[in-house]
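Put chains B and W on the given structure of chain P with help from the hints.
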Amino acid sequence: MTAIAAERYTGASIKRSEDPRILTGAGRYVDDIKLPGMLHAAFVRSPMAHARVLSVDASAARDLPGVVAVYTGAELEAITVPGPDALMALMGWQGPTPEFTLLATDKVRFAGDPVAVVIAESRYLAEDGCELVAVEYEDLPPVVNAAFALDPASPPVFENLGDNIARTHSRNEFGDVAATFAGADRVFDTHIDVHRHQNVPMEGRGCVASYDADSGAMTVYAATQSVHVSKIAVAMRLGMEHDKVRALAGDIGGSFGLKIGASREELAVAAASRQLGRPVKWVEDRGENLTTSGQAREESFDVRAAVSNDGDLLGLDVQMVIDTGAYPGMGAMVPDIVQAMFPGPYKMAALGFESTGAITNKACYVAYRGPWASETFVRERVIDLIAKDLGIDPLEIRLRNAAPRTDPPAVMVTGRPLVGVTTQESLQRIAQLVDFPAFRRRQTEARERGVYLGIGVATFIEAAPGPREPGGPSGPMGLENMRLRLEEDGIVVLFTGQMPHGQSHQTTLAQIAADEFGVPFEQVRVVVGDSDVVPFGLTGGSRSATMTGGVALHGARQLKAKVIDVASHLMEASAQDLEITDGQVFVRGDPASGIGVGEVARRAASGEFGADVDANLEIVAQFDGGEGGWSGGTHCAIVEVDTETGIVKVERYVVAEDCGALINPAVVEGQIRGGVAQGIGAVLLERSAYDEDGNCQSATFMDYLLPTACDVPRIEIEHLETVPLDADVNFRGVGEGGMIVAPPTIVNAIEDALSPFGVRIREQHLPPARILELIAEADPAQ
Amino acid sequence: MKLPPVDYEAPRTASEAVDLLAEHQDEASVLAGGQSLIPLLALRLAQPALLIDINGVRELSGVSVTDGWVAIGAMTREYVAEESGTIADAVPLLAAALPLIGHEAIRSRGTVGGSLAHADPAAELPAVARALDAEFVVRGPSGERVVPAAEWFEGYLTTSRQPDELLTEVRFPAAGPGTGVSFQEVARRHGDFAMVGLATSVTLSDGAISDARLAFAGVSDVPARATGAEELLAGRRPSAELFDQAARRAASDIDPPSDLHGSADYRKKVAAALVRRGLREAVDNAQERQ
Amino acid sequence: MTEVDITLTVNGATRTGSPEARKTLADFLRDDLSLTGTHLGCEHGVCGACTVIVDGRAVRSCLMLAVQAAGSEVTTIEGLGPDGEMGPLQQAMWDSHSFQCGFCTPGMVVQAAAFLSDHPDADEQQIREALSGNICRCTGYQSIIDGVLLAAERSREGSARETA
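Protein chains in written order, with the numbering used here: chain P, 1 to 782; chain B, 1 to 290; chain W, 1 to 164.
Isolated chain P (complex conformation):
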């Protein structure tokens, strides 16, 4: 492995350069932006889940002093260009394609569907105006669950589709499914549901769109995971040349997959700004965020497992139904990833997988941190259910089934090689960190007192970005670009398309580049959030550690070589005798010889070099992920369940994880803990609820409950030594793992706590009332 030049920042918990502004209230979020002449938007939204729109009368709203304009769905159609949903276009979706207008025109398809937008001098006045827009609806029967959606008798939510199929039923087989099941000692059959829940970043969606009528240029200040996606979406929807649109982003208050900067509302606001020639701001309030921004995870699974009497998981046959809500989002594409990941790190020989997507009158299915996470939930739940039936310890059954590390590596039956996977190591480490036998003794003693403790484990792998595919770049977004430049003041500037919203890229990328290039950490600046200036990029998919860390490393190396080359001319030394340390170029062994890299840059820019010297100290680097690699680990939770009230307390939570080489341990641990907290929230507190008429019942923070400081315990994290696969870049992603594996960890622990009652759990949401129901319904003879 090539030694990194200084290696004093990488691997250390360097304090974040983001924090001085964050901690003093000097962060700049979309709602903090105030532009001269700026107006405010609010949306008129449907109270009905499914209805025809008979008429929209905005006259009273338009007459309200302070209201500047009202645009109905029809009026917006006239000033915009129809087109596909931005995310689906980006991901190359090929299946059923619903036709719909930017704002609702002839019909509304979920409660909260926007019908008109009111533009006023203040948000207060815009909301006043919304109350004055009179919309006449004709009720249609709501399609509120997948079962009804898949029934041909259900009214089509999208006329052009003729049915409510978001994703045509398909079946794929990997390995010999029939033979595997025929030859199994036992076949387990179960059904598992994952409930609807959602991202809920503390800052909602929003933007300020500012159209300059004189220049014909649009500037959009966005809360987005990619300024380029925002820019392209606005340009296409408005029929503008792409170079006339600029997307800017400052600080972003979290996203977890939600903010692609191209929602229907944001595009409507951009259109309004162009129409009025004035900046228009829209920031969604919490009610909008909970009911209309999108939701996730509502999936159900019929699972058959082929098992040997000794607990070998030979194969799985899975039927998945995903409830994609009304408008298109991520939902139709999720089953493909679920299918690919279903075998996880286990040895299974066969997988049958079929899936269907259902369109319903609910908010659309959006990407939420680890959108494919249900594969881990279902697999880790099923493994525990099998273990219980066979009387095998949950750690033992996993150790038995986890693919050992071989050379060449074992290959998932769905095709990806399990190269460098440390599942066995993480399971063993958990067994060391948590004294299982002592816990079992404590559990037994507690039961005698009527106290119910439980322990659960779950293991996962995540393609962050995953191993290199043969013959091509790895990961769904194969190449990462970065522009690097040495400024004349000695600052190394990194221009990246990453759009951090809590990931601390401005710190971590600077750590890598500082080490590789040889300057102090403070001498690197990471530039994000300007589509005019940064290369294409998107923050998501747990890929930035590898892809962006890697391009920063290699880019810094390439830029350094150029700088050394120029310096060699200045210092009349051979390039291989020069090194850069602490921002100075030295002749090795002669500290007095040093000149600052800024000086080198000034001389390079001065024109003193001939055409034979490449004095342009700016490069564009690309990285394809190198050897890539898996992240993964095993989590373990100890819970106490109060069987009189159903309240669950997480007493202890332990993580043994492998996310490759750590750039900044504090950042890594923060990501893991945040993900685990969301997993605890999903199981114990969070549900996006609808009634049978399609009304959203979790529209405020009184009903959509997020975990607090009293709900999340200290999370103990052990970093496993990774298997280095690449000569230089062994950083792997960690953003999504916690949220993927925490739900099955907690559910497994709860089932263990309730095993004296014979409880078997086949769902993910376990609020107190459900716990008592499970106890009442269970059969202690099990």
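Among the hints, erroneous ones may be present.
Quick list of simulated restraints, FRET-style, between CB atoms [to be verified]:
{"no.": "1", "chain 1": "W", "residue 1": "Ala160", "chain 2": "P", "residue 2": "Phe436", "range": "52 to 58 Å"}
{"no.": "2", "chain 1": "P", "residue 1": "Ser17", "chain 2": "B", "residue 2": "Ala49", "range": "37 to 43 Å"}
{"no.": "3", "chain 1": "P", "residue 1": "His169", "chain 2": "W", "residue 2": "Arg57", "range": "56 to 62 Å"}
Heads up, incomplete: computed chain B residues facing chain P, CB under 7 Å, no partners named [what the hints assert, rightly or not]:
{"no.": "4", "residue": "Met1"}
{"no.": "5", "residue": "Val186"}
{"no.": "6", "residue": "Arg188"}
{"no.": "7", "residue": "Arg189"}
{"no.": "8", "residue": "His190"}
{"no.": "9", "residue": "Arg249"}
{"no.": "10", "residue": "Leu260"}
{"no.": "11", "residue": "Gly262"}
{"no.": "12", "residue": "Ser263"}
{"no.": "13", "residue": "Ala264"}
{"no.": "14", "residue": "Tyr266"}
{"no.": "15", "residue": "Lys269"}
{"no.": "16", "residue": "Val270"}
The following residues of chain W were derived to be distant from chain P, with all beta-carbon distances above 12 Å [stated by the list, open to error]:
{"no.": "17", "residue": "Gly102"}
{"no.": "18", "residue": "Arg154"}
{"no.": "19", "residue": "Ser159"}
By construction, these hints were calculated from the structure, which means they are not laboratory data.
Bear in mind that the values here come from a model prediction, so they are computed numbers and not experimental data.
Glycine included, each C-beta is placed from N, C-alpha and C at the ideal position.
The following block gives chains B and W in isolation, referenced to the frame of chain P:
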């Protein structure tokens, strides 16, 4: 989620406030702590024409004791009541309930009178008031009247306050010797409204229960006295079997709602559990106070 | 709609305005006084992102009308440290990697500051309960708690040194 247009008055005396109420009746809402009213306005679930802000009416704050009753001015902030030594000594059930109200920032503004006038059946103070037979002093254009707790809570978020009346004071009886209390609550998270809450006060005399008060939060559209359980407990010696009997009786006497957070059946089970826990704690405390 | 002239002290400076009666203190601080450090996370008093200090008490500024703060002393995140710089609590949180996206941060820091000034010797459980009304979606809270504990410990060491 912006508040709708509304007019605003800030009277300096209770009389001025009553005059405004007499003029505007149910077109006006009284703004006390605002911790319940302002969210309703933000969600545009309430759209009064006028807000009568009584935060400047100083005469409505204060805690005093007269003839075995603790009088708490309606505008007394919850955090002030929480820190009051008088209340800790004389109304321990109130002292037990106050820290469970929301979070400290809510109690910085929220008021004892405001919570009781808002009358959310899932809130802590209505259950305490109902358990202790507190008295509500309201002032209207024609003078003052005193309303006992049993008549104060009429329905969901509805009290017997008339549109031209202002709640000025709430009075709680001082706890006597041999009285122990407990406030039990099962909430989804620390600081949340109770799914089921229970205010319990037990007085022991010669080792037997001479007086038992149990009032539930969250099981009805008003705080609900468990009178059947109370009658069952009267005169009996405390025991686990007795508590269990009382728990089953209390649970069967209620008809709780089902909502997103818990079914009716769940609330009944939890109610029973809280009766057992509440009686155990209250009796332990009573035995200490004897 | 009534507009009311108000005068109040914000971060030590006298400020005036004529907000509509319906305007919340949070919106007045952000829009009229351009103090955008205080954030709106829910506007119905649950998430705590809008927490400021009014007359010595931490309050949710989305649950106060601006007119109700007339004559009061208000401290926002911008005024917590000396001259808009980081004070010891903020420094301890920086050292502890307390935050990620930063949106909950102002309310969380203000609430923690208010709590610590009244309870300098609070233990972890007490700190967790005190901050349980401030929602963070990114961190899982541990790093925030660590920052508060570190600030409290440094403050005790500082007083110990002073009295030594």
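Quick rundown of the hints versus the structure:
no., hint, result
1, W:Ala160 to P:Phe436: 52 to 58 Å, "violated, 43 Å"
2, P:Ser17 to B:Ala49: 37 to 43 Å, "violated, 52 Å"
3, P:His169 to W:Arg57: 56 to 62 Å, "holds, 59 Å"
4, Met1, "holds, 4 Å"
5, Val186, "holds, 5 Å"
6, Arg188, "holds, 5 Å"
7, Arg189, "holds, 6 Å"
8, His190, "holds, 4 Å"
9, Arg249, "violated, 17 Å"
10, Leu260, "holds, 5 Å"
11, Gly262, "holds, 4 Å"
12, Ser263, "holds, 5 Å"
13, Ala264, "violated, 10 Å"
14, Tyr266, "holds, 4 Å"
15, Lys269, "holds, 6 Å"
16, Val270, "holds, 5 Å"
17, Gly102, "violated, 4 Å"
18, Arg154, "holds, 16 Å"
19, Ser159, "holds, 23 Å"
Checked against the numbered hints given earlier, the structure breaks hints 1, 2, 9, 13 and 17 and satisfies all the rest.
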